[in-house]
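Number of protein chains: 2
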Amino acid sequence: MWNSSAAGSLYISKEVKGVVEEEYSSRVIDGRSLAKKVEEEVKKGVEALKAERGITPGLATILVGEDPASKMYVRLKHKACERTGIHAEDHNLPASISQEELIAHIQQLNLRKDIHGILLQLPLPRHLNDKEAMLAIDPGKDADGFHPYNMGNLLIGNEGFVPCTPKGVIRAMEEHGIQIQGKHAVVVGHSNVVGKPMAAMLINRNATVSVCHVFTQDLKQYTLDADILVVGTGVKHLIKAEMVKEGVVVFDVGITEEDGKVYGDVDFENVIKKAALITPVPGGVGPMTISILMQHVLMAAKGTCKA
Amino acid sequence: MWNSSAAGSLYISKEVKGVVEEEYSSRVIDGRSLAKKVEEEVKKGVEALKAERGITPGLATILVGEDPASKMYVRLKHKACERTGIHAEDHNLPASISQEELIAHIQQLNLRKDIHGILLQLPLPRHLNDKEAMLAIDPGKDADGFHPYNMGNLLIGNEGFVPCTPKGVIRAMEEHGIQIQGKHAVVVGHSNVVGKPMAAMLINRNATVSVCHVFTQDLKQYTLDADILVVGTGVKHLIKAEMVKEGVVVFDVGITEEDGKVYGDVDFENVIKKAALITPVPGGVGPMTISILMQHVLMAAKGTCKA
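In order, the protein sequence lines correspond to chains A and B. Per the working numbering, the first sequence starts with residue 48, numbered consecutively. Per the working numbering, the second sequence starts with residue 48, numbered consecutively.
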């Protein structure tokens with residue numbers, strides 16, 4: 048049971064505790080404790096790399112401007128670096144920076160031997176071109192996995208640096224022994240950050256994959272047949288209990304903030320009654336994403352994931 | 048009607064003529080005449096490029112060894128170059144060539160200003176690494192669209208050089224005014240050459256996309272619901288009439304040779320009775336693929352598709 052011990056319960060938010068009845072609690076995928084496990088692995092790998100080869104993995108985050116949400120995300124990543132022993136640098140550039148200056152900055156980081164991962168926090172201020180900036184990142188330092196070169200390798204089944212959120216979902220499936228091959232996986236949302244790379248990873252693992260989104264005519268028809276359901280749309284409680292079948296495994300990648308509270312894309316309180324396993328929001332996919340980012344920086348520093 | 052004129056009927060193979068009853072003939076997507084249309088466009092583009100900028104598009108094909116099927120495919124591509132005014136070079140390398148020699152050869156072609164497209168005919172002899180060789184091709188000369196950089200741009204919706212067969216299918220849909228957005232498109236087969244890029248293109252165009260393959264547990268469940276069905280498995284007559292719904296649009300990308308005859312993945316003779324539109328084999332998707340390759344070489348020469 049994920050929260051049977053006092054230590055375990057630390058990782059479950061009050062919101063989740065409040066709504067999950069005791070009989071369903073074993074169905075919750077505890078993203079915080081999985082993330083902790085991944086971070087422990089990374090920490091050991093970092094220590095070994097320092098001891099054996101004298102290399103300290105380094106991550107440079109680039110934040111342009113002062114957007115509060117972006118600042119918070121960058122802070123969370125720096126904290127994870129601290130926990131895992133990764134050297135983290137905060138490159139906070141002024142909102143007034145030009146495209147050329149931003150690219151020159153990225154190119155300098157590409158050349159630095161002590162920086163193994165580069166993370167460009169999005170969104171950028173409107174006058175900057177995020178696609179072009181992303182392209183400037185050395186694919187071998189692309190810890191976020193968004194560079195077309197890495198995305199293409201993902202599509203053809205050579206998964207190296209891949210987007211962290213869907214990789215976190217895959218890791219959670221592995222941890223829970225969920226079979227993917229031959230299962231019907233339904234992905235709701237077709238963004239470049241979640242839906243499309245998630246679909247590619249599931250296809251690479253031989254799931255039958257259906258990709259649904261805002262243009263899908265009868266969403267329920269697909270979700271009702273899903274063995275595995277991954278939802279990333281940003282629509283609060285889009286997925287209701289009557290839209291899933293008994294025994295489904297649900298990953299909720301959505302986040303909606305409303306009146307200081309955070310909601311997922313899944314009506315957790317009711318869907319859990321039919322699900323075999325389900326991630327809460329918060330405390331599910333979010334923490335996993337950051338731990339995978341740490342894993343990528345370690346991979347880059349070890350040179351096991353050359354692009 | 049596609050074969051109402053003597054000229055039109057030249058493009059329909061005898062096999063197809065034999066089995067298609069007159070009442071169904073308007074349902075056949077005539078790949079040869081569509082390919083001819085695309086080639087005419089390319090030819091005009093090539094003439095304009097020569098006249099306006101003095102540039103003749105150039106394609107170099109690389110064939111390693113003497114595989115008869117590969118030789119035939121290369122020959123077909125050279126003939127298409129002739130028809131469209133593209134300069135074609137046949138680089139037939141000995142089967143004994145080393146990986147280093149092959150890559151050096153590709154790198155020389157990368158540097159040549161008169162060569163805009165490079166096509167490495169697969170499969171390579173066993174002692175050579177095809178993935179590594181493919182990576183050596185300048186993504187900006189990757190007429191086949193298989194380079195990870197181009198595959199990644201495809202996945203994130205920046206379609207430049209993309210695999211020619213699925214692009215031919217999309218063009219055929221456009222020519223026939225087939226709506227993609229909101230439709231349920233089922234792709235059978237998840238190869239890197241057809242299934243996965245096809246799925247990505249359909250997702251980019253807002254279809255609900257299901258990807259099925261050899262691990263799918265109940266194929267019929269998916270195909271029966273398809274508005275658009277693309278099949279590329281190499282399994283002769285995998286798709287029977289009872290597996291599709293009335294009004295489906297079918298693209299058959301499969302080719303099986305048996306006793307000197309060529310078969311598709313779809314039981315054409317029976318499926319056509321339920322289909323709104325369907326491609327035959329031969330004379331369907333195959334000719335389209337080559338015409339798209341010509342389009343890519345022109346795009347590369349014009350510099351409209353820089354990688």
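Treat the hints as calculated values from the structure; they're not laboratory data. Source: prediction; values computed, not measured. Watch out, some of these pointers could steer you wrong.
[To be verified] So these bits of chain B aren't anywhere near chain A, every CB distance computed over 10 Å: (1) GLU88; (2) ALA95; (3) GLU136; (4) LYS178; (5) ASN239; (6) LYS243; (7) ALA247; (8) ALA254; (9) GLU305.
[Stated by the list, open to error] Straight line, CA to CA, 25 Å or less: simulated BS3-like cross-link-like pairs of lysine-lysine: (10) LYS292/B - LYS83/B; (11) LYS320/A - LYS349/A; (12) LYS126/B - LYS178/A; (13) LYS349/A - LYS84/B; (14) LYS349/B - LYS320/B; (15) LYS308/B - LYS320/B; (16) LYS320/B - LYS267/B; (17) LYS267/A - LYS126/B; (18) LYS267/B - LYS292/A; (19) LYS308/B - LYS349/B; (20) LYS178/A - LYS90/A; (21) LYS267/A - LYS83/B.
Where is the CB? At the ideal position from N, CA and C, for every residue including glycine.
Does LYS126/B pair with LYS178/A here, judged by a C-alpha cut-off of 25 Å? violated (38 Å)
Find the nearest Cβ of chain A to the Cβ of GLU88/B and say whether that gap is larger than 10 Å. holds (27 Å)
Assertion that GLU136/B lies outside the chain A interface [Cβ separation over 10 Å]: GLU136/B is indeed farther than 10 Å from all Cβ atoms of chain A, at 27 Å.
Would LYS243/B pass as off the interface with chain A, using Cβ distances and a cut of 10 Å? About 6 Å separates LYS243/B from the closest Cβ of chain A, which leaves it inside 10 Å; violated.
Pairwise hint evaluation, LYS320/B against LYS308/B, where the allowed Cα distance is 25 Å at most: The given pair, whose Cα atoms are some 22 Å apart, holds under the 25 Å limit.
Pair hint outcome, LYS292/B versus LYS83/B [Cα-Cα no greater than 25 Å]: Measuring from Cα to Cα gives roughly 31 Å; hence the hint is violated.
Distal placement of ASN239/B relative to chain A, Cβ over 10 Å: Per Cβ check, ASN239/B is inside 10 Å of chain A; nearest 4 Å; violated.
Separation of ALA95/B from chain A, once the least beta-carbon distance is taken, above 10 Å: Answer for ALA95/B: holds, closest chain A Cβ roughly 29 Å.
Proposed proximity, LYS349/A with LYS320/A (alpha carbon, max 25 Å): violated (43 Å)
Could you grab the alpha-carbon distance between LYS349/A and LYS84/B and see if it respects the 25 Å cut-off? violated (52 Å)
Run the distance test for LYS267/A versus LYS126/B: straight-line Cα separation, threshold 25 Å. violated (50 Å)
Is LYS178/B truly not at the interface, in the sense that its beta carbon sits beyond 10 Å from all beta carbons of chain A? At about 8 Å from chain A, LYS178/B fails to clear the 10 Å cut-off, so the statement is violated.
The structure does not agree with the numbered hints 4, 5, 6, 7, 8, 10, 11, 12, 13, 14, 17, 19, 20 and 21 stated previously, though it agrees with the rest.
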